[in-house]
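J.: Using the sequences provided together with the hints, build the complete structure.
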Amino acid sequence: MISRGLKPGSRLLHFSRIRPSAKMIKQLKLQAEEEAYELKRVRLADEEPMAIETSYIPVRILPHLTEQQVSPSLYDYIERETGMTINHAEQSIEAAIVTSEEAKILDVAKGSPILLINRCAYLSNGQPIEQTKSLFRADRYKFKIDLPRR
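For the sequence shown, position 53 (counting from the first letter as 1) is numbered 34 according to the numbering used here, and the numbering increases by one without interruption.
A portion of the hints provided could be inaccurate.
Label pairs and their calculated CB-CB ranges [as the list claims (entries may be wrong)]:
#, residue 1, residue 2, range
1, R41, D88, 23 to 29 angstroms
2, L128, E48, 36 to 42 angstroms
3, L(-13), A77, 21 to 27 angstroms
4, N106, K21, 23 to 29 angstroms
5, K91, K4, 24 to 30 angstroms
6, V40, K123, 32 to 38 angstroms
7, K123, I(-1), 15 to 21 angstroms
8, L128, S(-3), 35 to 41 angstroms
These are calculated hints, taken from the structure and not from any lab test.
C-beta: ideal position from N, C-alpha, C; glycine also.
T.: Below you can see the structure in the form of C-alpha coordinates.
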(Lines of atoms letter the chains of each structure in order from A and count residues from 1; the text may use other names and numbers.)
(Lines give C-alpha, C1' and ligand atoms only; values in the text may rest on other atoms or scores of the structure.)
Protein backbone atom coordinates (compact mmCIF):
# COMPACT_ATOMS: atom_id res chain seq x y z
CA MET A 1 0.00 0.00 0.00
CA ILE A 2 2.78 2.38 0.89
CA SER A 3 4.51 1.84 -2.47
CA ARG A 4 1.21 2.77 -4.15
CA GLY A 5 1.06 6.01 -2.17
CA LEU A 6 -1.73 4.76 0.13
CA LYS A 7 -1.85 4.66 3.93
CA PRO A 8 -2.29 1.02 5.06
CA GLY A 9 -4.48 0.10 8.01
CA SER A 10 -6.73 -2.58 9.41
CA ARG A 11 -9.86 -2.92 11.50
CA LEU A 12 -10.36 -5.98 13.69
CA LEU A 13 -13.71 -7.68 13.19
CA HIS A 14 -13.22 -10.83 15.26
CA PHE A 15 -10.59 -12.47 17.49
CA SER A 16 -11.10 -15.74 19.37
CA ARG A 17 -9.73 -19.19 20.16
CA ILE A 18 -11.44 -21.97 18.24
CA ARG A 19 -11.36 -25.70 17.63
CA PRO A 20 -10.18 -25.78 14.01
CA SER A 21 -11.72 -27.90 11.28
CA ALA A 22 -10.04 -31.11 10.13
CA LYS A 23 -8.75 -29.27 7.06
CA MET A 24 -7.22 -26.53 9.21
CA ILE A 25 -5.66 -29.09 11.58
CA LYS A 26 -3.93 -30.68 8.59
CA GLN A 27 -2.80 -27.35 7.09
CA LEU A 28 -1.38 -26.04 10.38
CA LYS A 29 0.05 -29.46 11.41
CA LEU A 30 -1.91 -29.48 14.66
CA GLN A 31 -2.90 -32.31 16.96
CA ALA A 32 -6.64 -33.04 16.99
CA GLU A 33 -7.21 -31.41 20.41
CA GLU A 34 -5.19 -28.25 19.72
CA GLU A 35 -6.79 -24.83 19.37
CA ALA A 36 -6.10 -22.03 16.94
CA TYR A 37 -6.74 -18.32 17.01
CA GLU A 38 -9.22 -17.06 14.46
CA LEU A 39 -8.47 -13.48 13.48
CA LYS A 40 -10.70 -11.59 11.04
CA ARG A 41 -9.69 -8.12 9.86
CA VAL A 42 -10.65 -5.61 7.21
CA ARG A 43 -7.52 -4.39 5.47
CA LEU A 44 -7.68 -0.70 4.58
CA ALA A 45 -6.03 1.73 2.17
CA ASP A 46 -6.55 5.41 3.01
CA GLU A 47 -9.33 4.26 5.38
CA GLU A 48 -11.21 2.47 2.55
CA PRO A 49 -11.79 -1.32 2.70
CA MET A 50 -9.54 -3.29 0.35
CA ALA A 51 -9.78 -6.84 1.69
CA ILE A 52 -11.25 -9.14 4.29
CA GLU A 53 -8.59 -11.34 5.85
CA THR A 54 -9.30 -14.35 8.05
CA SER A 55 -6.24 -15.93 9.65
CA TYR A 56 -5.74 -19.04 11.77
CA ILE A 57 -2.70 -19.25 14.06
CA PRO A 58 -1.75 -22.19 16.31
CA VAL A 59 -2.28 -21.30 19.98
CA ARG A 60 0.62 -23.61 20.88
CA ILE A 61 3.07 -21.34 19.04
CA LEU A 62 1.73 -18.01 20.38
CA PRO A 63 -0.06 -19.00 23.61
CA HIS A 64 -0.56 -15.44 24.91
CA LEU A 65 -1.55 -13.64 21.70
CA THR A 66 -3.95 -10.73 22.24
CA GLU A 67 -6.04 -8.44 20.07
CA GLN A 68 -3.62 -5.58 20.70
CA GLN A 69 -0.66 -7.62 19.46
CA VAL A 70 -2.23 -8.43 16.09
CA SER A 71 -2.83 -4.76 15.26
CA PRO A 72 -1.44 -3.35 13.09
CA SER A 73 0.92 -6.15 11.92
CA LEU A 74 0.85 -9.77 13.04
CA TYR A 75 4.13 -10.53 11.23
CA ASP A 76 5.93 -7.61 12.90
CA TYR A 77 4.75 -8.86 16.29
CA ILE A 78 5.85 -12.44 15.59
CA GLU A 79 9.33 -11.50 14.41
CA ARG A 80 10.05 -8.53 16.67
CA GLU A 81 8.55 -9.77 19.93
CA THR A 82 9.01 -13.54 19.79
CA GLY A 83 12.25 -13.83 17.84
CA MET A 84 10.74 -16.33 15.42
CA THR A 85 11.46 -15.87 11.72
CA ILE A 86 8.81 -16.24 9.04
CA ASN A 87 10.72 -17.95 6.26
CA HIS A 88 8.29 -18.27 3.37
CA ALA A 89 4.67 -18.67 2.33
CA GLU A 90 2.72 -20.62 -0.26
CA GLN A 91 -0.11 -18.71 -1.88
CA SER A 92 -2.82 -19.36 -4.44
CA ILE A 93 -4.95 -16.73 -6.19
CA GLU A 94 -8.29 -17.26 -7.91
CA ALA A 95 -11.34 -15.31 -8.99
CA ALA A 96 -14.53 -15.48 -6.91
CA ILE A 97 -17.79 -13.62 -6.29
CA VAL A 98 -18.46 -11.65 -3.11
CA THR A 99 -21.33 -12.70 -0.81
CA SER A 100 -23.90 -10.28 0.64
CA GLU A 101 -22.11 -10.09 4.00
CA GLU A 102 -18.69 -9.62 2.40
CA ALA A 103 -20.09 -6.98 0.02
CA LYS A 104 -21.26 -4.89 2.99
CA ILE A 105 -17.84 -5.05 4.64
CA LEU A 106 -15.97 -4.23 1.41
CA ASP A 107 -18.50 -1.57 0.33
CA VAL A 108 -19.13 -3.19 -3.07
CA ALA A 109 -22.24 -4.55 -4.78
CA LYS A 110 -23.35 -8.10 -3.98
CA GLY A 111 -22.00 -10.44 -6.65
CA SER A 112 -18.98 -8.24 -7.43
CA PRO A 113 -15.78 -10.04 -8.48
CA ILE A 114 -13.06 -10.51 -5.88
CA LEU A 115 -9.63 -12.06 -5.74
CA LEU A 116 -9.60 -15.03 -3.35
CA ILE A 117 -6.16 -15.63 -1.94
CA ASN A 118 -5.22 -18.57 0.26
CA ARG A 119 -1.83 -18.40 1.97
CA CYS A 120 0.08 -20.56 4.42
CA ALA A 121 3.11 -18.93 6.05
CA TYR A 122 5.93 -21.01 7.54
CA LEU A 123 8.55 -20.40 10.19
CA SER A 124 12.21 -21.09 9.45
CA ASN A 125 11.86 -24.55 11.09
CA GLY A 126 9.10 -25.50 8.61
CA GLN A 127 6.22 -25.16 11.09
CA PRO A 128 3.12 -23.46 9.64
CA ILE A 129 2.47 -20.26 11.63
CA GLU A 130 -0.57 -18.92 9.79
CA GLN A 131 -3.24 -20.05 7.36
CA THR A 132 -5.05 -17.10 5.77
CA LYS A 133 -7.99 -16.58 3.44
CA SER A 134 -8.12 -13.10 1.94
CA LEU A 135 -10.85 -11.56 -0.20
CA PHE A 136 -9.49 -8.59 -2.16
CA ARG A 137 -11.64 -6.10 -4.04
CA ALA A 138 -10.97 -6.75 -7.72
CA ASP A 139 -11.81 -3.14 -8.60
CA ARG A 140 -9.10 -1.71 -6.34
CA TYR A 141 -6.37 -4.29 -6.14
CA LYS A 142 -3.76 -5.50 -8.60
CA PHE A 143 -0.96 -8.04 -8.20
CA LYS A 144 2.38 -7.48 -9.84
CA ILE A 145 4.63 -10.53 -10.04
CA ASP A 146 8.24 -10.57 -11.22
CA LEU A 147 9.09 -13.83 -13.00
CA PRO A 148 12.86 -14.01 -13.47
CA ARG A 149 14.35 -16.61 -15.79
CA ARG A 150 16.78 -18.97 -14.15
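J.: Next, verify each hint and record whether it holds.
T.: Here's how the hints hold up against the structure:
Roughly 37 angstroms separates the CB atoms of R41 and D88, a value that falls outside the hinted 23 to 29 angstroms. Here the CB-CB span from L128 to E48 is close to 38 angstroms, well matched to the stated 36 to 42 angstroms. As the Cβ distance of L(-13) to A77 is approximately 23 angstroms, the hint placing it in 21 to 27 angstroms holds. For the pair N106 and K21, the supplied restraint of 23 to 29 angstroms holds, since their beta-carbon distance comes to about 27 angstroms.
K91 and K4 have their C-beta atoms about 27 angstroms apart, which keeps the hinted 24 to 30 angstroms range intact. Range check, V40 to K123: Cβ separation about 35 angstroms, and the 32 to 38 angstroms hint holds. At about 33 angstroms, the beta-carbon gap between K123 and I(-1) misses the expected band of 15 to 21 angstroms. For L128 and S(-3), the Cβ-Cβ distance of about 39 angstroms falls inside the hinted range of 35 to 41 angstroms, so the restraint holds.
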